[in-house]
Structure formats: C-alpha cells, structure tokens
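> Once you have looked at the hints, place chain D on chain Z.
Listed below are the residues making up each chain.
Number of protein chains: 2
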Amino acid sequence: MSSTPTVLLLGATGETGQSILKGLVESNAFNVEALVRPASSTKPEVEELRSAGIAIRLADTAGAHADLVKALKGVDIFVSAIGPNNQLEQLRLVDAVKEAGVKRFIPCGFITISPVGGVMRLRDEKEKVYNYMKKQHVPFTVIDTGFWYQISLPRVPSGKYDAALARGADEPNEVYAGGDAPNILTDLRDIGVLVAQIIQDERTLNQYVYTCGEVLSQKEIIAIVESVTGETVEQTIVTTEQVQERLEGVRAALAADPSKPMNQVLAYMTEYCHSKYVRADNSPAYAKYLGYLDTRDLYPGTKTRTFRDFLADVLDGKVQRVYSKKS
Amino acid sequence: MSSTPTVLLLGATGETGQSILKGLVESNAFNVEALVRPASSTKPEVEELRSAGIAIRLADTAGAHADLVKALKGVDIFVSAIGPNNQLEQLRLVDAVKEAGVKRFIPCGFITISPVGGVMRLRDEKEKVYNYMKKQHVPFTVIDTGFWYQISLPRVPSGKYDAALARGADEPNEVYAGGDAPNILTDLRDIGVLVAQIIQDERTLNQYVYTCGEVLSQKEIIAIVESVTGETVEQTIVTTEQVQERLEGVRAALAADPSKPMNQVLAYMTEYCHSKYVRADNSPAYAKYLGYLDTRDLYPGTKTRTFRDFLADVLDGKVQRVYSKKS
Chain Z
1 MSSTPTVLLL GATGETGQSI LKGLVESNAF NVEALVRPAS STKPEVEELR
51 SAGIAIRLAD TAGAHADLVK ALKGVDIFVS AIGPNNQLEQ LRLVDAVKEA
101 GVKRFIPCGF ITISPVGGVM RLRDEKEKVY NYMKKQHVPF TVIDTGFWYQ
151 ISLPRVPSGK YDAALARGAD EPNEVYAGGD APNILTDLRD IGVLVAQIIQ
201 DERTLNQYVY TCGEVLSQKE IIAIVESVTG ETVEQTIVTT EQVQERLEGV
251 RAALAADPSK PMNQVLAYMT EYCHSKYVRA DNSPAYAKYL GYLDTRDLYP
301 GTKTRTFRDF LADVLDGKVQ RVYSKKS
Chain D
328 MSSTPTVLLL GATGETGQSI LKGLVESNAF NVEALVRPAS STKPEVEELR
378 SAGIAIRLAD TAGAHADLVK ALKGVDIFVS AIGPNNQLEQ LRLVDAVKEA
428 GVKRFIPCGF ITISPVGGVM RLRDEKEKVY NYMKKQHVPF TVIDTGFWYQ
478 ISLPRVPSGK YDAALARGAD EPNEVYAGGD APNILTDLRD IGVLVAQIIQ
528 DERTLNQYVY TCGEVLSQKE IIAIVESVTG ETVEQTIVTT EQVQERLEGV
578 RAALAADPSK PMNQVLAYMT EYCHSKYVRA DNSPAYAKYL GYLDTRDLYP
628 GTKTRTFRDF LADVLDGKVQ RVYSKKS
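Quick note, the sequences are listed as chains Z and D, same order.
Position 260 of the first sequence, counting from 1, maps to 260 under my numbering, and the rest follow consecutively.
Position 71 of the second sequence, counting from 1, maps to 398 under my numbering, and the rest follow consecutively.
Isolated chain Z (complex conformation):
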C-alpha cells in the first residue's frame, strides 16, 4: 500500500469499537472511517464521530449485497467489531469484502482464547464466520484479546472504586475452581494501539493473534489489589463442580427458552467462566498450541498497561465504567 490505507470500522460506537477507533486514529497510519447502519445515522454517538472528523459510510449489514459492496469500495482493511448477538451477519459481509477487493478482513474476534465445539457458543458462531471467510479465500487476521482488566477487577470493602466496577457493588467477588488458572488479560484502552500495529503487519496476514497486557490468575489479581489498596478482598469460593452445575443449569434454561435475553446472557457469561477458569483455555500455552501469535513477541517495544497501571488509574478516578449501557 503506497498511499495511506483506508480502514473501515464496523461497531465504532461499541465498547470495544471505541477503543479500536481511538488507537487507529492516534496511530496516524490510516484514513479511518466508520460503517454505520442508516437507521443509526443521526444518533448522538454517530454525530460525535462526525464531529471528530471520522467519515461515515452508511450501509445495513442485513441489507442488499450490492449496497454492502458499494460501501466497502476503496477500503483496504475492514475491521468488524460487531456486537455479540450479530456475529452471523458477518457471513454476508464476507461476500461483500471479497467482491469489493478489501485487502484484509478483521472479523470480530476480540474474545478469550477458547476451543471450537461446544465450549462457548460465541466462539462457535465466530468459527462459522471464520470457516466461511476461509472458504472464500478472503485475506484476514483474527485478533483475540483475552479478557479485559476492566471486568476482572474485584470489589474492595470500602467501595472506593465502585463507580469503576462493571457490575453491581452487591455482587460477590467469586473465585472459581481454585483461582489458579492463568488468564490472558488486556486493558481495554490498549486494544486500539495494538490493533493499529497488527493490521499493518505483513507477519500477521492470515494468522491468529492475541493481545496481552499481562497474564494473571484470579489469586494474583486479588494479591495485587490487596497489596495496592491495603484492603482485604472478600471472596466467595465457587468450586469446579459448582461451575459445572451452573453451566448445565443455564444451558437447560436457554434450551427451554432460547429467545429470552436473560437466558442468553447467563449462558454466555457462564460459558466464559467455565472456559477461563475450569478449562483454563485463556492461557498463553493453549493459545500457542492453537497457533496464535502473541503481541508481546511481535511488538516488544510497545508499552501496554500492566494490571497495576490499570489499578492506579482506577484509584485516580481515570477509568470509566464499561458495559454500563447497551452498546
């Protein structure tokens, strides 16, 4: 790409998409544009994008193929940060990406490392997209991110940073299956700078990559929080057997009423929990086994935040609550 490549981002107003957008813009390496549904064109968050100088392309991912192709014309790299409930809409995007001649497609990964085949429904849906993308021979990079620091933070009894917690102050700090499983974690605020590097790197073409700020178990996170705050984290022990019972329960509820949003959310969250803590899938060893590249190896010079950095920002009131509204 001799001139500045054009990156088009789908989901720019979502929690992950916002951070990606920021990193792409700040990299100064791309013309950054956003793909927005026509029905959302006048929403305040889209107006904000326009005010920030982001060119908006309008197309409905569920709309006509020809319109999608038109919206993707001239795009070098297409990044999909589509919502968890709309993953399969990407099947149609693959066809448009191919026809428009997009040079690299970043399908919506951005989750933990996990296997295919009944462990996480979300991962299995993504696999359908990846398989179709490969069947169509579309150039790609899959980017997974482990779990966010922002949703891995236990509450302290004083409640001094309750405003930054993604969950209610009355929810217990559950520690699962012994709390020793190592987990790949990234600061949500760092994902943008890493994505900007990954998508302009020839080494990552047609590869799977994971971002990583730090690898920590729940016990290690608690030790850091206790050391920094001087408070004792109240812990609720949840055994492997209890996680498995919960998993069976939420899956049964989902099977009984698949359309109920709460059933979907509980299954989704419990599957994450089981994969991360019982199966210990979200680890560098398993990622390497699956063939992933690691941003710590690819970009050793890039400074990303440690969990202590993140916690210091939390205590300074610099970290906003995430997932506090539907996005």
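No lab work stands behind these hints, which were simulated from the structure alone.
Don't take each hint at face value.
To be verified - Calculated cross-link-like contacts (lysine to any residue; reagent style SDA-like; alpha-carbon spacing at most 20 Å):
#1 D/397 with D/372
#2 Z/135 with D/452
#3 Z/128 with D/613
#4 Z/134 with D/551
#5 D/462 with Z/279
#6 D/615 with Z/208
#7 D/615 with Z/279
#8 D/615 with Z/269
What the hints assert, rightly or not - Part of the chain D face toward chain Z, derived, beta carbon under 8 Å:
#9 442
#10 443
#11 444
#12 446
#13 458
#14 459
#15 461
#16 462
#17 464
#18 533
#19 617
#20 619
#21 650
As the list claims (entries may be wrong) - Computed far set for chain Z versus chain D, every beta-carbon distance over 10 Å:
#22 54
#23 247
#24 255
#25 261
#26 301
All C-beta atoms, glycine included, are put in the ideal place defined by N, C-alpha and C.
What follows is chain D alone, placed relative to chain Z:
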C-alpha cells in the same frame, strides 16, 4: 525422546497405511507397531505384518475406552490411517490418546487441501476430529497429501498401462473446468518417507503439513503423458457447470438414500472433483493461506518422485494398481 520412539499405526493394511508403514520401517528411526481390530487378527494381511516383524497391538476402536488406553500405553506417536467411512471413530481415540499420554497424534488427514464447511463431507468429518483433538489439547500434526499420482494418470489409447490404472479402461479421461487448476500431487510410494520425517520434527508439532511431489494441472499431466508415450490422450471435456450439476445430482441422491454405498462413493468422488478442479482448493497458494507447512520447504534434501519418474515406473511395469480391492 532419548530412546527409539514407538510409533503405532492404525490402518497399516490399507492403501495409504501400507505405504506409511514401509516408510516408517525403512527410516530405522522408530519401533513400528500396528493397531489391529481383534476380529482382523488372523487375516492374511495381518499375518504378513507379523511375518515382517511388526508387533501387533489388538484393540477395537469402537470398543471400551479402557482397552483402547491400554493398547496405546507406551506409544510415543500414534498415526491414524483409518478408512474414510470410519473417521468419527477417531473421536474416541482422542480420549484414549490423551489418557495414555501419547506425545503426538497424527489424525487421519491424507487428503487434498480443502476448506471446512460444505465443500467435502470427508473434510468436514475430519474437522470434527481435529476440533475435538484441540479441545482436549492433544499434541498433533495434521498431514495432508494432495492427490496421488496413482489416481491422476489418464489412459492412453494403446492401453499399454491399463493394468496400472485405478479405474476401468472404458472410463473416459475427463478434463474438468478447463483443466488448468494447479493440484498438489504426491506419489503414494513417497508418503511413508515423508511421514517418517514429519513426525520426528519439532517444527511440525501442532501444525498442518502437506506433502508434495509436484504441482500439476490436468493439462500439464496430459502433456507429460503425451510427450513420454508419443500417444494422444483422448479427452472428454467436462465444464464447470457440468461438474456443479453432477454435484447437485449426487448430493440429492445421497440425501434421498444416505445408506446406499454407491451414493456415498459418488458424492465423495464428485466433491473431490469439484474442490480440486472447480474451486482449485488443492493448491500451494490456498494451503499456505490456510497455514500449512510444505514438505518441499521442510525437507529440501529429500528426493521424492516427479510425475515423470512415476510414469517411467508405470511404463516399466513397476507400479501396482491401487484401490483395486476393498481395503
């Protein structure tokens, strides 16, 4: 592995397995043993293995888990060359491989490069095995082989090598979709020496590898045959549309009567044809895109047969007909 590693081969009497067995034995790098169903223990071809000094382990892949684990004890590398109709029996083998502590599992690949998701039923069945193997974090190498020289050879009018053809002398030499699709080909007789190298190579652990003698299109094969024999190959042109019509026809027949063996065989063969010649999946470019390593890069010093070498052996009467009986 400080001492000589033990390789256990399933399917040692099959067409692919025989060649693998020969290569493993001739490499002098392994204790080579064969896994055989108890019901086949006294068959002549198994007696032949015993006579050749191959230790036989008896277990039924559809039998009790504990028996399978016992049969795999002490095995360093387990190579599965199970038949195309029994692919899913490998799901249970994965559990046994894991429990027995086998250091590397070679699931039954040994086919052309093709995508997952409705192109080849055989490939999709293998994917179920691969996904389960990865879910169980079993160390592996997938080995694909492209298509065999032995079944890529067109007939010449004189019939001078009809005895070596895998098909009937009355079957036409069909040339599909223009005949220009490049195809990865391997001499069936070379697969053993390549497998012996791949399975003792740390670079191929948890990777996909394809073997390759030569990459040729149908037109290029015909040109070689005509140049070497001085005969003109009679060609029957089959267009892309005709392949697609056939594919729809055999799939409809299979859907109507899935248990009829001829419906299975025709679907299987037509799917190969469509993938190789219409989609052009079985190419180095697509294999690289999918992340495969190439034995030509890994083992540049290993001499494998060219198609001309193979044809010379055919003309010398040194090549046996393959797939001439149920194996």
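> I'd like to know which numbered hints this structure contradicts. Please list them from smallest to largest.
1, 4, 7, 8, 20 and 21
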